[in-house]
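Q: The primary structure of each chain is shown beneath.
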Amino acid sequence: DAGITQSPRHKVTETGTPVTLRCHQTENHRYMYWYRQDPGHGLRLIHYSYGVKDTDKGEVSDGYSVSRSKTEDFLLTLESATSSQTSVYFCATHPRGLRAGTDTQYFGPGTRLTVL
Amino acid sequence: GNSVTQMEGPVTLSEEAFLTINCTYTATGYPSLFWYVQYPGEGLQLLLKATKADDKGSNKGFEATYRKETTSFHLEKGSVQVSDSAVYFCALSGGSGGGADGLTFGKGTHLIIQP
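Quick note, the sequences are listed as chains A and E, same order. The first sequence maps to residues 1 to 116 in the working numbering. The second sequence maps to residues 1001 to 1115 in the working numbering.
Because the hints were derived from the structure by calculation, they are not lab data. Warning: the hint list may mix true and false statements.
[What the hints assert, rightly or not] Taking lysine to any residue and the SDA-like style, the derived pairs with C-alpha atoms no more than 25 Å apart in a straight line are:
1. K1060/E / G3/A
2. K70/A / H24/A
3. K11/A / G1041/E
4. K1107/E / H10/A
5. K1107/E / G63/A
6. K11/A / S1072/E
7. K1107/E / H41/A
8. K1107/E / S84/A
9. K1107/E / D56/A
10. K1052/E / G97/A
11. K53/A / A1100/E
12. K1107/E / K53/A
13. K1077/E / E72/A
14. K1107/E / E72/A
15. K11/A / E1042/E
16. K1052/E / G3/A
17. K57/A / A1100/E
18. K70/A / S84/A
19. K1107/E / T86/A
20. K1107/E / K70/A
21. K1052/E / R99/A
22. K57/A / K1056/E
23. K57/A / K1060/E
24. K70/A / G1041/E
25. K1056/E / R96/A
26. K1077/E / Q85/A
27. K57/A / D1101/E
28. K1107/E / S83/A
29. K1056/E / R99/A
30. K1107/E / T82/A
[As the list claims (entries may be wrong)] In silico negatives: residues of chain E with every beta carbon more than 10 Å from chain A:
31. L1019
32. Q1045
33. V1082
34. D1084
35. D1101
36. P1115
As the structure is a prediction and not an experimental result, all values here were calculated from the model. Positions of the beta carbon are idealized from the N, C-alpha and C atoms, including for glycine.
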């Protein structure tokens, strides 16, 4: 358990509204990630961060933005939510980045987002 | 780019049956391979991993061997229990294909064990 919390855990919102999900970690891990989980797709990477203010896109980044102003917090923002963004969102962390070594990622408990 | 293919479920077995969940991958270079498990309503937990060819990962009676010649990482367990009911994900990281730093997941296999 890498001390990862996500908030909120559940959210229902309407199409067109902005939504921000928060991931908080207490392990001082350098890398943080956002994934979405959908039936029939497994988990897909949205964005990741390799340090404060350093972020990059993943496989499904369209419609999402991220920010990391502190090591411990990684925010995922949906500027104008759409029904296709209804999903379960998982945050993950890694001490040094997956390409740097053989450690694994640690996952948070997830946020279930429903966009009506 | 990297990709992972695993058998989709649901897979339904009786308690004490032998389990195999197939996983094959596409990646250049030498990726690390993982199996994650997700119990109902929870996040993902690492089940086992292997970081080089012929390595065998094992945990809680589950095993998987990194087979580079067949690009496979099949999950096996000799005698499953009802408590093993969950969704299992095969995943990889690394390799030499560049791209984002993150795991590439299969679609997940829903395993149901009946008493």
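Q: Take the hints in turn and mark each one as holding or not.
A: Going through the hints against the structure:
1. Proximity of K1060/E to G3/A is assessed by CA-CA distance (about 23 Å); at most 25 Å being required, the pair is judged to hold.
2. With a C-alpha separation of about 10 Å, the suggested pair K70/A and H24/A falls inside the 25 Å cut-off, and the hint holds.
3. Annotation: proposed proximity of K11/A to G1041/E holds, straight-line Cα distance about 15 Å (limit 25 Å).
4. The straight-line distance between the Cα atoms of K1107/E and H10/A is roughly 23 Å, inside the 25 Å bound, and the hint therefore holds.
5. At roughly 22 Å between alpha-carbon atoms, K1107/E and G63/A fall within 25 Å of each other, so this suggested pair holds.
6. As the CA atoms of K11/A and S1072/E are separated by approximately 38 Å, the hinted pair breaks the 25 Å bound.
7. For the suggested pair K1107/E and H41/A, the alpha carbons sit about 5 Å apart, so the restraint of at most 25 Å is met.
8. Restraint check for K1107/E and S84/A: the C-alpha separation of about 18 Å stays at or below 25 Å, so the hint holds.
9. Taking the CA atoms of K1107/E and D56/A, the gap is about 23 Å. The hint holds against a cut of 25 Å.
10. Distance restraint check for K1052/E and G97/A: the Cα-Cα separation of roughly 18 Å lies within the 25 Å cut-off, and the hinted pair is therefore satisfied.
11. Note on K53/A and A1100/E: the hinted pairing holds, with a Cα-Cα distance of about 17 Å set against a maximum of 25 Å.
12. Between K1107/E and K53/A the CA atoms are separated by roughly 31 Å; this puts the pair beyond 25 Å, and the hint is violated.
13. For the suggested pair K1077/E and E72/A, the alpha carbons sit about 38 Å apart, so the restraint of at most 25 Å is broken.
14. With a C-alpha separation of about 29 Å, the suggested pair K1107/E and E72/A falls outside the 25 Å cut-off, and the hint is violated.
15. Restraint check: the Cα-Cα separation between K11/A and E1042/E comes to about 16 Å, which is no more than 25 Å; the hinted pair holds.
16. For the hint pairing K1052/E with G3/A, the CA-to-CA distance comes to about 29 Å; that exceeds 25 Å, so the pair is violated.
17. As the CA atoms of K57/A and A1100/E are separated by approximately 7 Å, the hinted pair is consistent with the 25 Å bound.
18. Under the criterion of a C-alpha separation no larger than 25 Å, the hint pairing K70/A with S84/A is inconsistent with the structure, at around 30 Å.
19. Distance hint between K1107/E and T86/A is fulfilled; the C-alpha atoms sit about 17 Å from each other, no more than 25 Å.
20. For a cut-off of 25 Å, the pair hint linking K1107/E to K70/A is broken: about 32 Å separates their Cα positions.
21. A C-alpha spacing of about 14 Å is found between K1052/E and R99/A, which places the hinted pair at or below 25 Å, so the restraint holds.
22. A hinted pair counts as satisfied when its Cα atoms are at most 25 Å apart, and K57/A with K1056/E does not qualify at roughly 32 Å.
23. Distance restraint check for K57/A and K1060/E: the Cα-Cα separation of roughly 35 Å exceeds the 25 Å cut-off, and the hinted pair is therefore not satisfied.
24. For a cut-off of 25 Å, the pair hint linking K70/A to G1041/E is broken: about 29 Å separates their Cα positions.
25. With a C-alpha separation of about 24 Å, the suggested pair K1056/E and R96/A falls inside the 25 Å cut-off, and the hint holds.
26. At roughly 36 Å between alpha-carbon atoms, K1077/E and Q85/A are farther apart than 25 Å, so this suggested pair is violated.
27. The straight-line distance between the Cα atoms of K57/A and D1101/E is roughly 9 Å, inside the 25 Å bound, and the hint therefore holds.
28. Of the supplied pair hints, the one linking K1107/E and S83/A holds, its CA atoms being roughly 21 Å apart against a limit of 25 Å.
29. For the proposed pair K1056/E and R99/A, the alpha carbon gap of about 21 Å is at most 25 Å, so the pair holds.
30. In summary, the hint linking K1107/E to T82/A is supported, as the alpha carbons are separated by about 23 Å, within the 25 Å threshold.
31. Distance check for L1019/E against chain A: the nearest CB is about 19 Å away, which clears 10 Å, and the non-interface claim stands.
32. A Cβ of chain A approaches the Cβ of Q1045/E within 10 Å, the least distance being about 7 Å, so the stated non-interface status is violated.
33. Here V1082/E stays apart from chain A, with its beta-carbon at least about 23 Å from theirs, past the 10 Å limit.
34. Taking the minimum C-beta to C-beta distance to chain A, about 19 Å, the non-interface status of D1084/E holds against the 10 Å cut.
35. Residue-level check failed: D1101/E sits 5 Å from the nearest beta carbon of chain A, not beyond 10 Å.
36. With a closest Cβ-Cβ approach of about 26 Å to chain A, P1115/E is found to remain outside the 10 Å limit, as its non-interface label requires.
Checked against the numbered hints listed earlier, the structure breaks hints 6, 12, 13, 14, 16, 18, 20, 22, 23, 24, 26, 32, 35; every other hint is satisfied.
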